[in-house]
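Whole structure, please, built from the sequences with the hints as guidance.
Chains as they are written, first to last, in the numbering used here: chain A, 187 to 613; chain B, 187 to 613; chain C, 187 to 613.
Since the hints were made in silico from the structure, they are not lab data.
Nothing here was measured: the structure is a model prediction, and the numbers come from that model.
One or more of the hints may lead you astray.
Copies of the same chain are indistinguishable here, so a pair counts whether it falls within one copy or spans any two.
As the list claims (entries may be wrong) - DSBU-like mimics (lysine-lysine), calculated; alpha carbons at most 30 Å apart, straight line:
no. : residue 1 : residue 2
1   : LYS258    : LYS496
2   : LYS291    : LYS505
3   : LYS540    : LYS226
4   : LYS346    : LYS540
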Amino acid sequence: MRFKFPLMAISLEVAMIVLFGLFVQYETDYSVLRQTNSSKSIDEFFVLYPLFQDVHVMIFVGFGFLMTFMKKYGFSSVGINLFIGALGLQWGTLIWGILHYHGQKIPIGIISMINADFSTATVLISFGAVLGKISPIQMLIMTIIEITVFVGNEYLVVEKFMASDIGASMTIHAFGAYFGLAVAGILYRPGLRRGHDNEESEYHSDLFAMIGTLFLWIFWPSFNSAVADAGDKQYRAIVNTYFSLAACVLTAYAFSSLVEHRGKLSMVHIQNATLAGGVSVGTCADMDISLCVSMIIGSTAGMVSVLGFKFLTPLFATKLRIQDTCGVHNLHGLPGVIGGLAGIAAVAMGVSDKSTWAMQAAALGSSIGTAVVGGIFTGLILKLPIWGQPLDQNCYDDSVYWEVPWWKEGDNCFHEHGSQNQLELEV
Amino acid sequence: MRFKFPLMAISLEVAMIVLFGLFVQYETDYSVLRQTNSSKSIDEFFVLYPLFQDVHVMIFVGFGFLMTFMKKYGFSSVGINLFIGALGLQWGTLIWGILHYHGQKIPIGIISMINADFSTATVLISFGAVLGKISPIQMLIMTIIEITVFVGNEYLVVEKFMASDIGASMTIHAFGAYFGLAVAGILYRPGLRRGHDNEESEYHSDLFAMIGTLFLWIFWPSFNSAVADAGDKQYRAIVNTYFSLAACVLTAYAFSSLVEHRGKLSMVHIQNATLAGGVSVGTCADMDISLCVSMIIGSTAGMVSVLGFKFLTPLFATKLRIQDTCGVHNLHGLPGVIGGLAGIAAVAMGVSDKSTWAMQAAALGSSIGTAVVGGIFTGLILKLPIWGQPLDQNCYDDSVYWEVPWWKEGDNCFHEHGSQNQLELEV
Amino acid sequence: MRFKFPLMAISLEVAMIVLFGLFVQYETDYSVLRQTNSSKSIDEFFVLYPLFQDVHVMIFVGFGFLMTFMKKYGFSSVGINLFIGALGLQWGTLIWGILHYHGQKIPIGIISMINADFSTATVLISFGAVLGKISPIQMLIMTIIEITVFVGNEYLVVEKFMASDIGASMTIHAFGAYFGLAVAGILYRPGLRRGHDNEESEYHSDLFAMIGTLFLWIFWPSFNSAVADAGDKQYRAIVNTYFSLAACVLTAYAFSSLVEHRGKLSMVHIQNATLAGGVSVGTCADMDISLCVSMIIGSTAGMVSVLGFKFLTPLFATKLRIQDTCGVHNLHGLPGVIGGLAGIAAVAMGVSDKSTWAMQAAALGSSIGTAVVGGIFTGLILKLPIWGQPLDQNCYDDSVYWEVPWWKEGDNCFHEHGSQNQLELEV
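Here it is as structure tokens:
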């Protein structure tokens, strides 16, 4: 463990640099200019750059702070989020580019940068399911595998099925959630079946998490519209998302109050379920579904998400043996499926003629299926006892992987196996 | 209380969905296209979208965190802010659209979205005056009434008086402040005349509040320019606000140090008075007033705002029996009036020929008058003892309406009246 | 001290207003319109406005919160940051404009606003070196002097040497760092050579600092590209910075883990070294250096920055008698020099024909030389015992200059000299 993480990170970065040297180029390079209308491309770059920056804030501030809700796991939440993000966007650029440019040199434009951030988002959603229970090395491995599978599924959905999924309800949200849940299922820890003291929030950690919630909520219209066709589709993606999110907030608050003790509100619902409207309207965000339908989709998702937190998450932990730390099933899984179903319905009703309802259904099935298979495969690799995973009692505890001088810490916080590791530790 | 809040929220959302279905449409719909130059409209949408997002951050992160300064009221500040914002922007879209499109179907464009956020800002300013002393149900009712009155006054000011108020010093800031103060006056709590332990900040709550201050400060130029005429007026609205805010910071710091014990700085002044420059330059932000005049307006407002916090707020609480939790009179009331007066002077001196000084004065009078009358009316409704308002000893305390497992909480935190409520509570 | 700070701040603001009245005008004023193609200028204003706002967030939220890492110095970090920023951008506008418009009236456009924010950034970097050890008055004086020297050096580098430094690795980062280090050297406090209890972080102060880190990291591409030539140069400045930063994160994490006890990560490295990639790619950000070279520059800087924190900062404090509170040498100094060297190499290899390698070298030398001389000069002025500097035992303590009612405070927290000051204190 002493050297495994740094050496893997350095090797990966060296590999990235070599691969970028071989396969990546500016979109203003001569070889690209010959093929494209370059000034149009540069114009598009600056038109979309503000939307890209909104998405960028969502990835690094939004996801990062959303996960800081636990009292002793803030450093890892925001810190590993940054690490995964930085790794994921490099790897995502390569894999996405290789598939979409068929092995030719990959030109970097604003769309590839947005898609790189999207790849990263997928991993960060899955991160939420295993948060606190895996090591930085495990996250590094999961990032590499998951992005590869994600890009493959996204290619299948968009290029082969020709399905609509502009805000990626299926390909990012449902995919990321079910991938993460599959990993969490494989890595099930019976020792945590009664919960863990550290798995709780405290007053200020819940406020830090609201920073994440709010930036996600505010910029979600940019997320759902960033890669939409310019013009009325992009316009609709923004306004549908804006009103879906607004509607979602009202039902999230209402159902939080309904299901909680004495009508009180729960921060975990507010932090998460208020965002379900952004997820669920994703697939048909750019379609002409009318604003009141966006609001119906959003308000349904807000309700379902709260009910999921209240009733499904405990069931998952006990019956399905899946411990979903952040409740990603409720924020990304269920609302992602709602989004996929709404897309099927919309296409079936002729709102969009870009695809057929069968292709939409295939896209939803493929996204969930690929995610589960990919997640199980990844989980099995991560289960190997060589990645420095934390002991049960040290889960959800920053001091395992971070210098936290204010807390007393035990000596053997994570699993070590084999004499070589032991040796490294003693070096 | 057990069911009142959730049922009201759900009913309102259902009503919104129905009303949106009946009265709202995309601006790209066929019926709109016939009347407008659509490609121009879509172009404008994306030109203004970054400014809209700046305003959006101000509403949800800016106002939300600005109010988290109290040690035990952070969840409500940032949480109820989000709830009001989401409700307010839906209702604001409807009311603003009905007035401006005279009952025809309302097309949703970037200007209507910005105006929806503006409606919401008005309520959030008033929220600051009553923060900690009213229940979520009361806030919900206040949101619906206040936005209706606000849109009416704004219509009067802009369409009838043809007054200039591009950054809304009068129609949003003065209006929101005096509306909130009128409500706070009606809801006066003699039991809190000696203050309340919870009404204080702590070290980290003051830092959370600075997140709000800084995003408000940074994006204020976008707020004041978002609906300005494209071209030099919009340009001037940005630069006048930028320099007014910069000037305001210096006098706010100087006067904070002057009036505080031993020359020290006070966080409450820094959090609030540094923003007064954005409020006060609002009315004439797009006029050709010259940059040094913007800076005079901003530096005056910074000074007046600090003096207001130091000397007026205590007077208001004791003499006028108005308990202004966040000091909105000092951040929005006085600077809003300064803005209105500056607008009268600018128009009188011929800087703008869009309106007359008399119309500017009428706009200021109308904004304050309507706000006070509307606020008193709203206060009387909120005074009805059926809205679950907190008991005096439970004011400024999140645990009344939120799950806050770390704090001991009393059993009867809010007023209940009538056996049915009692019954609901016991369910 | 009682009146010195407020009176200086008010006098400065009055002076600013007078100077703006005499020397500054809108770029849409008639006298400007005669010379320029105004509609082009207004178009550029709104194209660059989103990038300006990104930079604005970096200055006020980014730098402000990055410095809140100490447990008892958050108010000063984020508060004095705002004060310096507001003062600096006014003064920077004037000085930059006077030099660039040769004494004619200065038109305010988006480029002058971005440059004003840049001036401010330079001072805020230096602020990091002396954080916790100087008074608000000292910061005010340093702001005025440093911006004057900065603008002079920047003029020399850009207009005389015609050197490339688009992201200002040399003129802002290296300059700001060495200026601050020179001041810190002159103001060396032997009483703090064994450190100070307050100079440590606590759990939540480290999370607040991450707000700053993340917004700096996210928006750095806008910083490096904001004043680049429109088109492919601006495009390259964005993508080079984006990938340099991503690469930098991986090496920063790897080397943090390598150098820390038992392979753990250190928050101070993550907060700072992850940003070194933005600094170091600055000089050649807009050049056609290829993306893998950006990533080599970024990953080198991440490594060097961590090693600097681990090994150089302690050496500086003991051997060079320079106490660098925030480690600006590691985040801005060394990476700035790397940036300058990379620029020399790039120009020498013919990547850019805008300047020669000798001119690039002269620019680097000038930036460091001017900074050191200017810093020593400033330090000597600040050493005068009349500026209310804190006593050693009260360093890194907000309660010296802020109302902090929750902490016990001593009576004589800062140096007072001369009976008049004493008198003022007792007033």
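Each hint tested on the structure:
1. In this assembly of identical chains, LYS258 and LYS496 lie within 30 Å of each other by CA distance both inside one copy and across copies; the values are 23 Å within and 25 Å between.
2. Taking the shortest Cα distances, LYS291 and LYS505 never come within 30 Å of each other, neither inside one copy (49 Å) nor across copies (51 Å).
3. For the homomeric pair LYS540 and LYS226, the shortest alpha-carbon distances inside one copy (25 Å) and between copies (26 Å) are both at most 30 Å.
4. With identical chains, the CA atoms of LYS346 and LYS540 are at most 30 Å apart within one copy only, with a shortest distance of 13 Å there and 47 Å across copies.
Hint violations for this structure: number 2 only, all remaining hints satisfied.
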